[in-house]
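Note that the protein sequences, when read in sequence, are chains H and S. The numbering of the first sequence is the numbering used here, which starts it at 52 and goes up by one. The numbering of the second sequence is the numbering used here, which starts it at 996 and goes up by one.
Please note that the accuracy of each hint is not assured.
[Claimed, not checked] The calculated lysine to any residue pairs, modelled on SDA-like cross-linking and capped at a C-alpha distance of 20 Å, are:
| hint | chain 1 | residue 1 | chain 2 | residue 2 |
| --- | --- | --- | --- | --- |
| 1 | H | K57 | S | K1107 |
| 2 | H | K224 | S | V1264 |
| 3 | H | K57 | S | H1176 |
| 4 | H | K195 | S | K1113 |
| 5 | H | K195 | S | L1273 |
| 6 | H | K195 | S | S1283 |
| 7 | H | K57 | S | G1295 |
| 8 | S | K1113 | S | M1216 |
| 9 | H | K57 | S | M1216 |
| 10 | H | K57 | S | R1296 |
| 11 | S | K1107 | H | M374 |
| 12 | S | K1107 | H | E369 |
| 13 | H | K224 | S | Y1266 |
| 14 | H | K90 | S | L1144 |
It is worth saying that the hints were derived from the structure and are not from the lab.
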Amino acid sequence: MIRLVKRPQPSRFWTAVTPILAVLLTMVVGGIMFALLGKPPLEAIRIIFWDPLFHPQFAAYSRPQLLVKAGPLILIAIGLSIGFRAGIWNIGAEGQYIMGAITGAGVGLAFYPMESFIIFPLMVIAGALGGWAWGMIPALLKVKFGTNEILVSLMLVYVAEAWLASVSSGLLKNPEGRGFPGSRNLQQYDSAANAEIIAGTGMHWGVVAALIAVIFAYVLLTRHIRGFHIRLTGEAPRAARFAGVKPARVVLFCLGLSGALAGMAGLFEVAGPAGQITIDFNSGYGFTAIIVAFLGRLHPVGILLAGLLMALTYIGGELAQLMLSLPGASIQLFQGMLLFFLLATDVFTNFRVQLGRKGAA
Amino acid sequence: MDLGAINPVLLVASLMVSATPILLAAIGELVVEKSGVLNLGVEGMMITGAVVGFAIAVNTGSPLLGFGAAALASAVLSLSFGVLTQYLLSNQVATGLGLTLVGLGLSSLIGKPYEGVKSTTLPDLHIPLLADIPVLGPMLFQHDLMVYLSIALVAAVWAVLKFTRFGLILRAVGESHDAAHALGYKVVRIRLMAIAFGGACSGLGGAYLSLVRVPQWTEGMTAGAGWIALAIVVFASWKPWRVLIGAYLFGGVTVLQLNLQAAGTRLPVEYLSMSPYLITILVLVIISARGYHGAPASLGRSFYASS
Chain H
52 MIRLVKRPQP SRFWTAVTPI LAVLLTMVVG GIMFALLGKP PLEAIRIIFW DPLFHPQFAA
112 YSRPQLLVKA GPLILIAIGL SIGFRAGIWN IGAEGQYIMG AITGAGVGLA FYPMESFIIF
172 PLMVIAGALG GWAWGMIPAL LKVKFGTNEI LVSLMLVYVA EAWLASVSSG LLKNPEGRGF
232 PGSRNLQQYD SAANAEIIAG TGMHWGVVAA LIAVIFAYVL LTRHIRGFHI RLTGEAPRAA
292 RFAGVKPARV VLFCLGLSGA LAGMAGLFEV AGPAGQITID FNSGYGFTAI IVAFLGRLHP
352 VGILLAGLLM ALTYIGGELA QLMLSLPGAS IQLFQGMLLF FLLATDVFTN FRVQLGRKGA
412 A
Chain S
996 MDLGAINPVL LVASLMVSAT PILLAAIGEL VVEKSGVLNL GVEGMMITGA VVGFAIAVNT
1056 GSPLLGFGAA ALASAVLSLS FGVLTQYLLS NQVATGLGLT LVGLGLSSLI GKPYEGVKST
1116 TLPDLHIPLL ADIPVLGPML FQHDLMVYLS IALVAAVWAV LKFTRFGLIL RAVGESHDAA
1176 HALGYKVVRI RLMAIAFGGA CSGLGGAYLS LVRVPQWTEG MTAGAGWIAL AIVVFASWKP
1236 WRVLIGAYLF GGVTVLQLNL QAAGTRLPVE YLSMSPYLIT ILVLVIISAR GYHGAPASLG
1296 RSFYASS
């Protein structure tokens, strides 16, 4: 008989090993799925995980894409992970991302066609504020009325999407766009463009911000009293209250921070790779970032690695679409499976597996 | 704007149709939560039900078979959540989110060949005598089978939870799994049954969307209906009849805003289409301001038998 025995503390060994195990399991099951779709499984796995970096023909294009895709994922996931640590579930990062993009791009477009070095920093601040404000709605409702932040933050994604549709064919529409919905292209507006810092690497300001966020989160969680309070709230809420931690403050801080980071990610995306506000500007980074946060074990350095891996599956997925005409949705399923397997294998982190009959008491 | 263009009889009739998917999903989730499990994967199970139901109905030509297949598929999917949370003791919130993400990916993968395809839909029943009553007849008694089945399901869930031994055990498991375990009830098995029931209901709700309400398959067609179902369970304070009221209120809002769009109000379409979500938030705020009455005490907690 198999029995699970709770470990006194989560195993450090298994905390590090389970993500790798989950990736391997996903590859195996994903391979079976590809085989069922009538695609060569080993080749598909190689195209997704290897070719984006080392393919002689495509790698030159896809390698910079790694940072372009990983930047927003890491930036959002860092914010989410801090909330998740405290048991605060912000799953509406997609909405905060959209609002950040709208407010940030709105500030940039308001200055058009003036050129000044101050415009881009202002846009970043506006983007962060937009995301922050959108994150503060579930935070304030939770603090004031005890409303469930999961449902409210998720509902606000749909509201943000409707708002995005509204502004891209109204308020922010390009007056010279011949009636097509969508804003002016910010990439053609030098003061507002989030251009590559080093050409050909995919390194833009959003990636820099993501790296800063990783360091900031690391310091916060390991060296700062507020980070300690956040972890305490998540692991032992009662103890946290006795220690004088104000739950309301933790809620406001976590949701505000994750909103601001998601908003910034949205701004960097709209001013850089996307270029303009359009109806379908958002591409699900806010949801994928949840997987990134868990895959990275809610640890800043882990999230950095997980973000790169998840970016790889995005690019590899596109490549597999191109080379094997694999359906685009299969990569979404692939990412979902990854989270599922991670949660499943996590049992080894918290429990010891004991074989045989239980011993005499 | 021409408010006269809105026909109140049609409004009520379409309200019932638009509320049914959410009602089915919400009554299933109510049973799950009553057993102490928080399954946030309703959206994923609904959309899987939508695509499976549609695909089977297109291939067999029978919408009823489609509904059956949808219920089965979503129940199987929900059991993956069950195994993870009940046997492997994973975090219920994270696993539920994972289930939603898996369901969304799986559904768009399965549904790709079915985009733009038409399916046969359920015929409207013409209930003898009752359907001929003026005004009330077309409002209430000329719907398809699933509308009445969903209401019957609410009644059944209410009766089982309130009057039967099994309902009592299920509630005991949800209120205090340790006490139920000490009394010798199989906590994990009962929860798995509840989870599968919830999955099947979500699947039916999803299939209703793709087979009757819309009726066709489009990617991401549930558009948050699963999350709204979760909100309705909170709104209903975990009481079956209030789930019915909540779902119909929500259906009313949805239909009204669609009617206003069609009637051509001066309000932009985008603001109208965000209104169901805003109203859901508003309702949640009002309900939670009173405090969570009736939430099962063990909701969302993992059960680990220490001995």
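Now the hints, each set against the structure:
no.: 1; hint: H:K57 x S:K1107; in the structure: violated (44 Å)
no.: 2; hint: H:K224 x S:V1264; in the structure: holds (16 Å)
no.: 3; hint: H:K57 x S:H1176; in the structure: holds (18 Å)
no.: 4; hint: H:K195 x S:K1113; in the structure: violated (48 Å)
no.: 5; hint: H:K195 x S:L1273; in the structure: holds (18 Å)
no.: 6; hint: H:K195 x S:S1283; in the structure: holds (10 Å)
no.: 7; hint: H:K57 x S:G1295; in the structure: holds (19 Å)
no.: 8; hint: S:K1113 x S:M1216; in the structure: holds (15 Å)
no.: 9; hint: H:K57 x S:M1216; in the structure: violated (42 Å)
no.: 10; hint: H:K57 x S:R1296; in the structure: holds (15 Å)
no.: 11; hint: S:K1107 x H:M374; in the structure: holds (18 Å)
no.: 12; hint: S:K1107 x H:E369; in the structure: holds (17 Å)
no.: 13; hint: H:K224 x S:Y1266; in the structure: holds (17 Å)
no.: 14; hint: H:K90 x S:L1144; in the structure: violated (42 Å)
Taken one by one, the earlier hints fail for this structure at numbers 1, 4, 9, 14, listed in ascending order.
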